[in-house]
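Chemist: Each chain is listed here by its residues.
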Amino acid sequence: MVPVVQPIGRAFLSGLESIGRLSIFAARALSHCVRPPFYPRLILKQMIEIGYYSLPVVGLTAIFTGMVLALQSFTGFARFSAEAAIPNVVVISITRELGPVLAGLMVAGRIGASMAAEIGTMRVTEQIDALVTLSTNPMKYLVAPRLIAGITMLPLLVLVADIIGVFGGYVVSIYKLGFNPGTYIRNTIDFMETLDVVSGLVKAAVFGFLITLMGCFHGYQSRGGAQGVGIATTNAVVSASILILTFNYIITELFFSR
Amino acid sequence: MSDVTAKISIRGLSKSFGSKHVLNGIDLDVFEGESVVVIGGSGTGKSVMLKCIIGLIEPDSGSIKVDGEEMIGASRAERAKALRKFGMLFQGSALFDSLKVWENVAFGLIHGQRMPRAQAKEIALRTLGAVGLGPEVGELQPAELSGGMQKRVALARAIATEPEIIFFDEPTTGLDPIMGAVIDGLIRQCVDDLGATALSITHDMSSVRRIADRVAMIYEGRIIWSGPVAEMDRSGNPYVDQFIHGRSEGPIKMPVRPL
Numbered sequence: 023m024v025p026v027v028q029p030i031g032r033a034f035l036s037g038l039e040s041i042g043r044l045s046i047f048a049a050r051a052l053s054h055c056v057r058p059p060f061y062p063r064l065i066l067k068q069m070i071e072i073g074y075y076s077l078p079v080v081g082l083t084a085i086f087t088g089m090v091l092a093l094q095s096f097t098g099f100a101r102f103s104a105e106a107a108i109p110n111v112v113v114i115s116i117t118r119e120l121g122p123v124l125a126g127l128m129v130a131g132r133i134g135a136s137m138a139a140e141i142g143t144m145r146v147t148e149q150i151d152a153l154v155t156l157s158t159n160p161m162k163y164l165v166a167p168r169l170i171a172g173i174t175m176l177p178l179l180v181l182v183a184d185i186i187g188v189f190g191g192y193v194v195s196i197y198k199l200g201f202n203p204g205t206y207i208r209n210t211i212d213f214m215e216t217l218d219v220v221s222g223l224v225k226a227a228v229f230g231f232l233i234t235l236m237g238c239f240h241g242y243q244s245r246g247g248a249q250g251v252g253i254a255t256t257n258a259v260v261s262a263s264i265l266i267l268t269f270n271y272i273i274t275e276l277f278f279s280r
Numbered sequence: 414m415s416d417v418t419a420k421i422s423i424r425g426l427s428k429s430f431g432s433k434h435v436l437n438g439i440d441l442d443v444f445e446g447e448s449v450v451v452i453g454g455s456g457t458g459k460s461v462m463l464k465c466i467i468g469l470i471e472p473d474s475g476s477i478k479v480d481g482e483e484m485i486g487a488s489r490a491e492r493a494k495a496l497r498k499f500g501m502l503f504q505g506s507a508l509f510d511s512l513k514v515w516e517n518v519a520f521g522l523i524h525g526q527r528m529p530r531a532q533a534k535e536i537a538l539r540t541l542g543a544v545g546l547g548p549e550v551g552e553l554q555p556a557e558l559s560g561g562m563q564k565r566v567a568l569a570r571a572i573a574t575e576p577e578i579i580f581f582d583e584p585t586t587g588l589d590p591i592m593g594a595v596i597d598g599l600i601r602q603c604v605d606d607l608g609a610t611a612l613s614i615t616h617d618m619s620s621v622r623r624i625a626d627r628v629a630m631i632y633e634g635r636i637i638w639s640g641p642v643a644e645m646d647r648s649g650n651p652y653v654d655q656f657i658h659g660r661s662e663g664p665i666k667m668p669v670r671p672l
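Residue numbers (the numbering used here), protein chains in the order written: chain A, 23 to 280; chain B, 414 to 672.
One should not assume that every hint holds.
[Stated by the list, open to error] In silico DMTMM-like cross-links for lysine to aspartate or glutamate, where the CA-CA straight-line distance does not exceed 20 Å:
{"id": "1", "chain 1": "B", "residue 1": "K464", "chain 2": "A", "residue 2": "E71"}
{"id": "2", "chain 1": "B", "residue 1": "K513", "chain 2": "A", "residue 2": "D151"}
{"id": "3", "chain 1": "B", "residue 1": "K498", "chain 2": "B", "residue 2": "E549"}
{"id": "4", "chain 1": "B", "residue 1": "K513", "chain 2": "A", "residue 2": "E140"}
{"id": "5", "chain 1": "B", "residue 1": "K513", "chain 2": "B", "residue 2": "D473"}
{"id": "6", "chain 1": "A", "residue 1": "K67", "chain 2": "B", "residue 2": "E482"}
{"id": "7", "chain 1": "B", "residue 1": "K513", "chain 2": "B", "residue 2": "E482"}
{"id": "8", "chain 1": "B", "residue 1": "K498", "chain 2": "B", "residue 2": "D510"}
{"id": "9", "chain 1": "B", "residue 1": "K478", "chain 2": "B", "residue 2": "D510"}
{"id": "10", "chain 1": "B", "residue 1": "K494", "chain 2": "A", "residue 2": "D151"}
{"id": "11", "chain 1": "B", "residue 1": "K464", "chain 2": "B", "residue 2": "E583"}
{"id": "12", "chain 1": "B", "residue 1": "K534", "chain 2": "B", "residue 2": "E491"}
{"id": "13", "chain 1": "B", "residue 1": "K498", "chain 2": "A", "residue 2": "D151"}
{"id": "14", "chain 1": "B", "residue 1": "K498", "chain 2": "B", "residue 2": "E577"}
{"id": "15", "chain 1": "A", "residue 1": "K67", "chain 2": "A", "residue 2": "E140"}
{"id": "16", "chain 1": "B", "residue 1": "K498", "chain 2": "B", "residue 2": "E552"}
{"id": "17", "chain 1": "B", "residue 1": "K513", "chain 2": "A", "residue 2": "E71"}
{"id": "18", "chain 1": "B", "residue 1": "K494", "chain 2": "B", "residue 2": "E482"}
{"id": "19", "chain 1": "B", "residue 1": "K478", "chain 2": "B", "residue 2": "E447"}
{"id": "20", "chain 1": "B", "residue 1": "K478", "chain 2": "B", "residue 2": "E549"}
{"id": "21", "chain 1": "B", "residue 1": "K478", "chain 2": "B", "residue 2": "D442"}
Please keep in mind that the hints were generated in silico from the structure rather than gathered at the bench. Values in this document were obtained by computation on a predicted structure and should not be read as measured data.
Go ahead and model the full structure; you've got the sequences and the hints to work with.
Modeler: This is the structure:
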């Protein structure tokens with residue numbers, strides 16, 4: 023009995039320990055985001071890295087998602103003669119769900135991995151220890167600028183993704199499915215509510231926090247050379263992706279459950 | 414020299430990782446302006462001791478006083494104040510690879526002392542000159558430098574803020590003998606010129622003889638001998654004798670299995 027229960031107990035305790043460590047790390051990181059000194063140069067650098075350099079991948083994801091959504095909706099809705107609902111389906115799906123979730127997942131792969139690898143390498147090569155000896159708090163210098171950039175840039179990225187995604191649906195609807203452009207745009211604007219966009223942007227801010235937190239946390243905790251950095255990178259992407267999907271449900275519940 | 418005047422005073426310092434006892438009650442004094450080198454084999458706790466002093470590792474018990482101020486259990490502000498007295502040269506140089514060489518050297522000035530970048534750059538280039546590197550090196554990335562040059566840059570970074578206490582972690586590891594001698598000479602020169610207190614750890618005996626005023630040997634987590642470098646060869650301690658002559662036979666046993 024003991025050999026069976028022991029590993030389960032060990033895994034459970036280890037899980038609790040990780041949650042505790044992550045919670046303390048997150049609390050410390052957030053406290054450094056609001057306490058001076060700040061590093062505007064580093065924050066700007068991270069904003070460009072997260073916001074500007076993620077635009078191509080997020081834009082491409084959004085436009086093809088919008089296009090596929092219009093096409094799939096048409097083939098499905100045609101069975102019920104409900105093709106007119108396509109603009110509504112595209113805009114609500116993109117702004118509420120697909121925009122923030124797909125942008126979040128793409129950024130998790132791009133930024134979460136790179137943050138974990140960079141900070142992990144700094145950890146194993148003693149660069150983080152060197153920061154301490156140079157009277158610089160690594161949480162303030164490395165983690166806080168990334169969190170601030172993630173929380174602020176993801177909503178902007180998602181806003182752009184929303185516009186591009188809806189445009190993708192428009193292009194397919196007009197040029198392939200034969201919709202009237204004026205009617206399509208009017209339907210889209212009439213059906214869209216402020217809450218659809220706002221809920222998506224709130225999700226984006228939360229996802230930005232989760233992605234950067236996971237990247238920084240796993241990088242910061244990495245041990246044991248190249249292999250440790252590799253594990254940290256994988257863990258950062260996997261945990262951020264799972265958390266994005268989990269929090270997507272929680273935030274949807276908070277905004278839209280009746 | 415009395416305990417009161419010690420720049421760094423360590424008493425009963427212990428640290429374990431799980432069941433492995435790395436430090437078993439270290440007692441060591443480092444006095445102002447002297448260069449102390451701690452020798453000992455790999456895995457004997459030299460680096461852990463250094464990291465405990467700096468505050469990178471929390472010891473299990475004992476006392477570490479810097480200028481008479483207790484560091485263990487000190488507040489964040491007290492620890493930050495003590496950190497401003499420290500400079501450190503890391504074994505692998507630990508240069509920030511996303512920054513240019515001059516930005517590495519000026520890092521403590523810009524971020525630790527909030528000095529304007531232009532002024533910090535001037536000091537950084539001057540400090541690079543002091544370790545034999547021209548201003549053109551300042552514009553390079555650390556990855557573009559050889560191991561010896563990286564060590565010099567790391568040395569320049571450690572001394573740029575003119576710290577009162579400088580730690581050297583295996584300063585010549587991985588360098589050829591000539592570059593090792595150059596680095597040792599620079600270390601000795603920096604310590605003498607700045608009047609700094611230096612605590613180094615190494616197992617390179619040539620380096621020890623060049624940079625130490627006093628030597629302490631660590632074995633199984635304790636300081637088993639300490640004395641002036643000139644007395645090291647006639648310490649009468651069989652552990653020290655075996656170590657400094659690099660003999661495989663002696664009281665220090667290396668567990669090796671036959672092939």
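Chemist: Hint numbers the structure violates, sorted upward?
Modeler: As far as the earlier hints go, 1, 3, 5, 6, 7, 8, 9, 12, 16 and 20 are violated by this structure, in ascending order.
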